[in-house]
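J.: Sequence:
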Amino acid sequence: MQTRRLGRSGLTISEIAYGNWLTHGSQVEEDAAHACVRAALDVGITTFDTADVYAGTKAESVLGRALAGQRREGLEIFTKVYWPTGPGANDRGLSRKHITESCNASLKRLQTDYVDLYQAHRYDSSVPLEETMTAFADLVRQGKVLYLGVSEWRAEEIAAAAELARELKVQLISNQPQYSMLWRVIEAEVVPTSEEAGLSQIVWSPLAQGVLTGKYLPGQQPPADSRGGHATAGGSMQSYLDDEVLTRVQELRPIADDLGLSMAQLAIAWVLQNRNVAAAIIGASRPEQVHDNVAAAGVQLPAEVMSRIDAALGDVVERDPAKTSRG
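Here the sequence shown stands for residues 1 to 327, numbered as in full-length UniProt numbering.
These are calculated hints, taken from the structure and not from any lab test. Please note that a few of the clues may not be correct.
Unchecked claim - Below are the DSS-like pairs computed for lysine-lysine, each with C-alpha atoms no more than 27 Å apart in a straight line:
#	residue 1	residue 2
1	Lys97	Lys108
2	Lys169	Lys144
3	Lys144	Lys97
4	Lys169	Lys215
5	Lys169	Lys97
Keep in mind that this is a model prediction, so the values were computed, not measured.
Model the full assembly from the supplied sequences, consistent with the hints where possible.
T.: Next up, the structure:
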């Protein structure tokens with residue numbers, strides 16, 4: 001496993017991170033989830049990403065139990081706050097109240113005294129940014145959080161938060177956006193702003209929710225045991241299950257074959273070529289998926305391969321910065 005520094009900080013993380021969105025506590029039974037976490041640890045993954053909202057808070061609890069007994073200093077545990085975690089008006093967003101209460105609840109579920117990275121899961125336009133950043137800074141000073149991050153923030157929001165972080169003397173070091181061969185909306189604005197402000201990207205869905213594995217074929221129904229065939233989990237990936245997209249993705253297969261890589265390994269290696277990407281988050285429902293995906297660590301793709309990928313995908317790639325996900 002290769003490692004990279006996260007942002008302009010001293011924190012080192014594994015360049016493949018394990019995430020449990022859509023799996024732990026919902027799509028995958030707990031025994032299978034624990035097996036996947038053990039597989040991740042066995043192959044050298046030290047970075048684990050979750051969020052309070054995943055599976056209605058259950059995902060954090062599953063991860064906490066799966067990591068119990070591991071040497072805490074050898075792990076980097078990340079979680080997030082923003083989305084509703086209860087029925088009340090204050091059970092959501094980035095107010096001081098919700099940030100403080102959500103962090104305390106996350107620590108209990110994760111069975112840890114602190115998280116290495118606490119991330120604002122979306123930007124909250126209804127709360128003054130000064131309130132949000134001050135609440136985060138207080139958690140840092142209390143020792144409950146070591147570093148701060150954001151997720152799916154736009155360039156101007158990142159720049160404003162980074163300025164406040166400097167004033168508060170805390171470290172804002174990461175953004176967690178969707179990023180893949182098919183979804184490149186961060187490249188034009190978010191990446192340059194992040195580089196200037198000292199943030200790295202920790203990217204989710206490098207496989208475009210499984211589409212870039214090549215298992216979804218044009219003109220065919222998704223496999224019944226796949227995410228695309230799952231009644232709930234498949235809802236978030238319908239835009240990718242377009243025949244034109246799927247046809248273009250199949251053109252990546254000979255490129256992967258020429259390199260001796262699986263299509264999943266090619267897709268993960270591709271996002272890691274971006275110098276502002278510190279880690280690619282993988283999810284898994286079976287341990288063998290972990291073993292396959294981590295083989296992308298350390299793979300260098302020549303410039304001609306990157307050009308072949310661009311030519312294969314053509315105009316199905318999304319690049320519009322305005323499509324950054326909103327709260």
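J.: Now tell me, hint by hint, if it's right for this structure.
T.: A quick look at each hint next to the structure:
About 17 Å separates the Cα atoms of Lys97 and Lys108, which keeps this hinted pair within 27 Å; it holds. Proximity of Lys169 to Lys144 is assessed by CA-CA distance (about 16 Å); at most 27 Å being required, the pair is judged to hold. Taking the CA atoms of Lys144 and Lys97, the gap is near 15 Å; set against the 27 Å cutoff, the hint holds. For a cut-off of 27 Å, the pair hint linking Lys169 to Lys215 is broken: about 47 Å separates their Cα positions.
This hinted pair checks out: Lys169 and Lys97 have alpha carbons roughly 21 Å apart, not beyond 27 Å.
In the structure shown, a violation is registered for the earlier hint numbered 4 alone.
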